[in-house]
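S.K.: UniProt numbering applies: residue 1 is where the sequence shown begins, and numbers increase by one.
Read the hints as simulated data drawn from the structure, not as lab findings.
These numbers were taken from a predicted model, which means no experiment stands behind them.
One thing to keep in mind: the hints can contain errors.
To be verified - Keeping only pairs whose Cα atoms sit at most 20 Å apart, straight-line, the calculated EDC-like set for lysine to aspartate or glutamate is:
| # | residue 1 | residue 2 |
| --- | --- | --- |
| 1 | 51 | 19 |
| 2 | 90 | 36 |
| 3 | 68 | 20 |
| 4 | 7 | 40 |
| 5 | 4 | 19 |
| 6 | 51 | 20 |
| 7 | 90 | 70 |
| 8 | 90 | 66 |
| 9 | 90 | 35 |
| 10 | 4 | 40 |
| 11 | 68 | 36 |
| 12 | 51 | 18 |
| 13 | 68 | 5 |
| 14 | 4 | 35 |
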Amino acid sequence: MSAKDRKQANTKLNVSDDDERLILATGRYIGEGFDDARLDTLFLTMPIAWKGTLAQYVGRLHRQHDGKRDVLVVDYVDNTVPVLARMAAKRRAGYRALGYVIE
């Protein structure tokens with residue numbers, strides 16, 4: 001994605017607080033500098049293991065916004081592949097360190 005394309009995509013994200021929206025993105029394209037306090041749910045569908053990346057992703061959900069009460073992280077885990085199972089175990093430890101309750 002070029003810088004021009006990224007700028008156009010970010011412009012489309014600027015909608016009023018009254019409008020609900022769905023953002024589908026990768027960490028690569030919505031990385032540092034992205035801020036939207038309305039975010040309240042994260043679907044983690046790719047394998048990551050590093051606690052810093054996890055903290056960055058979930059940290060975006062905890063920004064204060066009127067009407068936001070809860071945040072939800074849905075983490076998809078494939079325990080049938082050993083390397084993915086190990087990465088998931090590292091994420092679970094990261095969630096606990098960040099104060100999350102795992103259900």
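S.K.: Failing hints, ascending?
M.R.: 1, 2, 4, 5, 6, 7, 8, 9, 10, 12 and 13
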